[in-house]
Amino acid sequence: MLDILQSIVPTVLFFSAPLIFTALGGVFSERSGVINIGLEGLMVIGAFVGIVFNLTFADVFGDFTPWASLIAATIAGAIFSIIHAIAAVSFRADQTVSGVAINMLALGVGVYLTKVWYDKGQTDMVTEPFLSTNIPVLSKIPIIGPIFFEGIYVTSYIAILFAFIAWFVLYKTAFGLRLRAVGEHPMAADTNGINVYKMRYIAVIISGALGGLGGSVFALTIVSNFSHATIVGQGFMALAAVIFGKWHPLGAMGAALFFGLAQSLSIVSSGIPLLEDIPQIFLLIAPYVLTILALAGFIGRAEAPRANGIPYVKGSR
Amino acid sequence: MTSNNRLFGILVPVISVILGLIVGAIIMIASDVNPIEAYTALWNGAFYDAFTIGETIRRITPLILTGLAVAFAFRTGLFNIGAEGQVIVGWLAAVWVGLTVDAPMIIHLPLAVLAGALAGGLWGFIPGLLKAKLGVHEVIVTIMLNYIALYVSNEIVRNVLTDHGTSTEQIAASASLGSEWLQNLTLYSRMHYGILIALFAAIIMWFIIQRTTVGYELKAVGFNQHASKYAGMNVSKNIILSMVIAGAFAGLAGAMEGLGTYGSVSVISGFTNLGFDGIAVALLGANNPFGVVLAAILFGVLKEGAGEMPSAGVPTELVDIIMALIIFFVASSYIIRWVLLRFKKEGK
Numbered sequence: 001m002l003d004i005l006q007s008i009v010p011t012v013l014f015f016s017a018p019l020i021f022t023a024l025g026g027v028f029s030e031r032s033g034v035i036n037i038g039l040e041g042l043m044v045i046g047a048f049v050g051i052v053f054n055l056t057f058a059d060v061f062g063d064f065t066p067w068a069s070l071i072a073a074t075i076a077g078a079i080f081s082i083i084h085a086i087a088a089v090s091f092r093a094d095q096t097v098s099g100v101a102i103n104m105l106a107l108g109v110g111v112y113l114t115k116v117w118y119d120k121g122q123t124d125m126v127t128e129p130f131l132s133t134n135i136p137v138l139s140k141i142p143i144i145g146p147i148f149f150e151g152i153y154v155t156s157y158i159a160i161l162f163a164f165i166a167w168f169v170l171y172k173t174a175f176g177l178r179l180r181a182v183g184e185h186p187m188a189a190d191t192n193g194i195n196v197y198k199m200r201y202i203a204v205i206i207s208g209a210l211g212g213l214g215g216s217v218f219a220l221t222i223v224s225n226f227s228h229a230t231i232v233g234q235g236f237m238a239l240a241a242v243i244f245g246k247w248h249p250l251g252a253m254g255a256a257l258f259f260g261l262a263q264s265l266s267i268v269s270s271g272i273p274l275l276e277d278i279p280q281i282f283l284l285i286a287p288y289v290l291t292i293l294a295l296a297g298f299i300g301r302a303e304a305p306r307a308n309g310i311p312y313v314k315g316s317r
Numbered sequence: 001m002t003s004n005n006r007l008f009g010i011l012v013p014v015i016s017v018i019l020g021l022i023v024g025a026i027i028m029i030a031s032d033v034n035p036i037e038a039y040t041a042l043w044n045g046a047f048y049d050a051f052t053i054g055e056t057i058r059r060i061t062p063l064i065l066t067g068l069a070v071a072f073a074f075r076t077g078l079f080n081i082g083a084e085g086q087v088i089v090g091w092l093a094a095v096w097v098g099l100t101v102d103a104p105m106i107i108h109l110p111l112a113v114l115a116g117a118l119a120g121g122l123w124g125f126i127p128g129l130l131k132a133k134l135g136v137h138e139v140i141v142t143i144m145l146n147y148i149a150l151y152v153s154n155e156i157v158r159n160v161l162t163d164h165g166t167s168t169e170q171i172a173a174s175a176s177l178g179s180e181w182l183q184n185l186t187l188y189s190r191m192h193y194g195i196l197i198a199l200f201a202a203i204i205m206w207f208i209i210q211r212t213t214v215g216y217e218l219k220a221v222g223f224n225q226h227a228s229k230y231a232g233m234n235v236s237k238n239i240i241l242s243m244v245i246a247g248a249f250a251g252l253a254g255a256m257e258g259l260g261t262y263g264s265v266s267v268i269s270g271f272t273n274l275g276f277d278g279i280a281v282a283l284l285g286a287n288n289p290f291g292v293v294l295a296a297i298l299f300g301v302l303k304e305g306a307g308e309m310p311s312a313g314v315p316t317e318l319v320d321i322i323m324a325l326i327i328f329f330v331a332s333s334y335i336i337r338w339v340l341l342r343f344k345k346e347g348k
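Protein chains in written order, with the working numbering: chain A, 1 to 317; chain B, 1 to 348.
What the hints contain is simulated information worked out from the structure, not anything from laboratory work. Keep in mind that this is a model prediction, so the values were computed, not measured. If a hint is listed, it holds; no wrong ones were tucked in.
Some chain B residues near chain A, calculated using beta-carbon distances under 10 Å: (1) Ser31; (2) Ile81; (3) Lys133; (4) Leu145; (5) Asn146; (6) Glu155; (7) Phe271; (8) Ile327; (9) Ala331; (10) Ile335.
For every residue, glycine included, the Cβ atom is placed at its ideal position computed from N, Cα and C.
Input sequences plus hints: build the corresponding full structure.
So this is what it looks like as structure tokens:
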């Protein structure tokens, strides 16, 4: 039992970290009333910038390179998401459509620049990826230590920490209250002197930053290079986590951990009794089926923020 | 005002396409490539000789159908992001029938095509039902169904249709849409009779939407659900019907690939992108069947022509960037309208 946990838990944390970051981004955006189907594209940009930065500056930053790459990818994601913000908030574009465009654009730009800069469809493998470590002191704790703190990526714990920070920001600060108000009833918020457009811009940019971070964590821990096939559906899975988690940061984190579990089960299941007999296909489609069931109300009703997807036009009723 | 609206309806897509191509040119100049050379290469890639024209038409065929799939649902106020999954199940079902049934062509081919449409329709039925009965947003359900379709299809190809293989055998000749005549005409391109089915489907969509009571109700539900309900229409039924018909169009697109272009179905690592491109096609075509055909031709030409662009030193992905920008501009049409109105006022 213990060694089963010891093989599952680190894998779960490993697979969920990028999903947690990105899903938190989705929570911010959707809580402010802007649907963000573009999470996938934001992850692509994050993965691309993370890898390219890492390859280019590995000599300059040395051991600090992976961290610097994450920061660069976060900034790039934030900047890229401004396109979505402009379209969805200022130009009153259909937010779903604009999100689809973001996804196409991100993949196009990423692969285009990869080909222009590296003369091939994929980048080289990075020399400075994140490596799994044993966390000092904590990994010495009996039972818990080996399960949670051995062979772990630090990024996984940062993701969980971020989820709690996001919860605090959204539910315990004035800023969070305003952000949620804008997503529930923008006119009422406007009447109270909250700048709806500004709040939505900020929320979308935060989602871009977290999406970029998620993408780069995925690229720098799991795949180590960038090509058209680096990010295939993780963004949509993060979106599923947002909904499965009922638009709540901790819920989204829980959902992301669960999806990570589903993913890791399809990889480590061969060694585990009971699970061995379940055909892989069911584990593969589990996250998607569960999301549909959650939406259909079989796992408690999932209620979207009220003004989600509706552009706000000042003065209209 | 109505003539104004119609004028904008045509101007917005045209301006969006031009803007998209201009931004594409700017990107090329920024990466030290001559855009005129690149666009010439693109043109040659699509229209150089009978072979490339045949391949271009082959590329346009499924795009028309997925464009219709998205446009049809849009007319009822539904966003069918699931065309991708519907294409995959349609492809699988059509090839399955093509492989296993033994019948003369006159029965076999229609049966295989129909199987594709039915499978797609079923894949549209699920989100339609959930939307109509439980009010679940169709966008998320269709996205999830895309992945389910992808994994299930791969599983069936691997373990049911083959013995752990990655691709099925070729379908029986009696289920194939290919034709020697078309191949001879186009120097052995993969062009097939599917283009006729696609064009016919566009006419069917026009007929349903404009000339039948069913179409009238579907549109009415799209405009205002509450008013439609008050007028005695069955809103749930119309939502489900719309998604089923939309799914059937996308399923047909899959059948075209399975029975026409490839003649088999393979394990795929990622999406075909036919469904996602269909969103672009529908948007640019303003959800009008004939607009969809024109938009599919434009995007088909861009995609096929892109294959030649590396000869001018431009990665094919430039076309994806241009397409994304075009959707972006169409989606942000509010601002284009605003600018156009500004110009008009100043002109007076």
